[in-house]
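Work out the full structure: start from the sequences and follow the hints.
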Amino acid sequence: MTQKPGWRELPIGGHLHEPGSSLKYKTGPWRTYKPVLDKAKCTKCLLCWIYCPEPSIDRTNDGIEINYDFCKGCGLCASECPVKAIVMVEE
Amino acid sequence: MYRKKGKFTGEGVIPYSGEGSTVTIEGAAVCTQTGCAYTGNEAVAYAAKQCNVDVVSAYPITPQTIIVERFSEYVANGEVDTKFLAVESEHSAMSACVGASLGGARVFTSTASQGLALMHEVLYLASGLRCPIVMAVVNRALSAPINIHGDQSDMMGSRDCGWIQLFAENAQESYDLTIQAFKIAEDKGVHLPVSVNLDGFTVSHATESMKACADEDVHKFLPPRESLFKVDPTTPISVGGMALPEYYYEFKRQQEEALQLSKLFVNRVGKEYGKMTGRRYGYLRTYGLEDADAAVISLGSTCGNVRSVARTLRAKGKKVGAIKLWMYRPFPREELFSAIKDLKALAVMDRAISFGAPQGALCSDIAATLLNTGSDIKILNMIYGLGGRDIPPSTINTVFTDTLRAAKTGKVKERINYLDVRE
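Protein chains in written order, with my numbering: chain A, 1 to 91; chain B, 1 to 423.
Don't read these hints as lab results, they were simulated from the structure.
Keep in mind that this is a model prediction, so the values were computed, not measured.
Honestly, I wouldn't trust all of these hints.
[Claimed, not checked] Lysine-lysine pairs mimicking DSS-like chemistry, simulated, CA-CA at most 27 Å apart:
id : chain 1 : residue 1 : chain 2 : residue 2
1  : A       : Lys26     : B       : Lys252
2  : B       : Lys271    : B       : Lys316
3  : B       : Lys252    : A       : Lys4
4  : A       : Lys41     : A       : Lys24
5  : B       : Lys318    : B       : Lys252
6  : A       : Lys4      : B       : Lys344
7  : B       : Lys344    : B       : Lys413
8  : B       : Lys411    : A       : Lys24
9  : B       : Lys230    : B       : Lys211
10 : A       : Lys24     : B       : Lys344
11 : B       : Lys319    : B       : Lys411
12 : A       : Lys44     : A       : Lys34
13 : B       : Lys319    : B       : Lys188
14 : B       : Lys341    : B       : Lys316
15 : A       : Lys41     : A       : Lys4
Given below as structure tokens:
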């Protein structure tokens, strides 16, 4: 792992001059429980896609996929899924 | 951005020579100035007007009200093209100032007492986000009990907010420091907010004769603001991001370095202002320290009383001196030490109680200044003037008597003296 920058190297005031830099900050490791999708049960209703606050549900040609780089494991998707196609599993 | 540490050579300590408030600077072509009669509040509003402020967002509170009122008149009369935001609270006032400042505007506001307390949260955002806002704080007591009169509890309560804090003795200094404050704050090597403090009523409401510069001289002294960064749709940036344990500490360390280094700019601007007006500013002003055994240090309007009493005592052959601190934050540790190191006793005047602390806030700073220096200066802490209690020359006289006694005997009777409080 590379050394993090010291205080002299950081942008003053913490202002971020590069748009979209939050993409570099992966929040996946925050997770304690991981949402696991059962594609056989999924009806592609997209309620999980609507409710995900991150958003870490990506739409694909055959339904959805969970983006584990950014999913923090809040469990909203599992809670909202009307057919219980998503279950939370301990990491 | 971060320069090598400057050398602290004792510059910025300006002695009083003679009786007047002007300092003659050799070879300086002092600008033409107009004599006028202003209260401290009017002087600040007039200075802000001459500084071509882009945005004023403020909420009126006694004894600061007249600053906002005067400025809103300038706006209504079309004398300035400032965007004046009449907001619903001081919390909103400072929040709007932060937004405007991040947008690259020159921003001014003012407040007092409870207003400053309500802003407290946002003061830290202004300094943390490096917004060069200038704010006049008309120092007033904090509730409870309710009191509208002058003391310095308000700013002392917010002294760790990361702002540069300047204190004015009278209307002239309120005017001068307001103009300098913009130049200090907006310098790209500083980029920090500045508060200009003036004592409630004693300075804010007393009309005094003073000198004001011509508009064009102020404009020359203070060109339009250039920002290191600004919120602008053509070059998007994000401000107010989150920094968790692995980064927050580094940002705070960086901010502290910026505040400590800002003192070099305070002195530089004070010198430049002196060249323009003949009134040289710096960190502190000394009177009679060349041969003094005992001295009194204070902030704000009391400095005039202290100096006046010191002058009377010196005429009687007493070796006394006086120190006025213009810049309270960053604290001019090295320069103050070089000024006081030969004293035998020093009385420190605190116009606020630091509840539960070993002594007043200013006294704690002086004690820290002397820490590990081997100094044996006797320190007397005087709490005074709370809630606008008058501080007459007779009281200052007893302070000098006590300090001279401590200088002679090497003993300090009371850890803290509460001046003129009824027992």
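Checklist entry - For this structure, which hints from the list above don't hold up? => result Per hint list: 2, 4, 5, 6, 8, 9, 10, 13, 15 violated.
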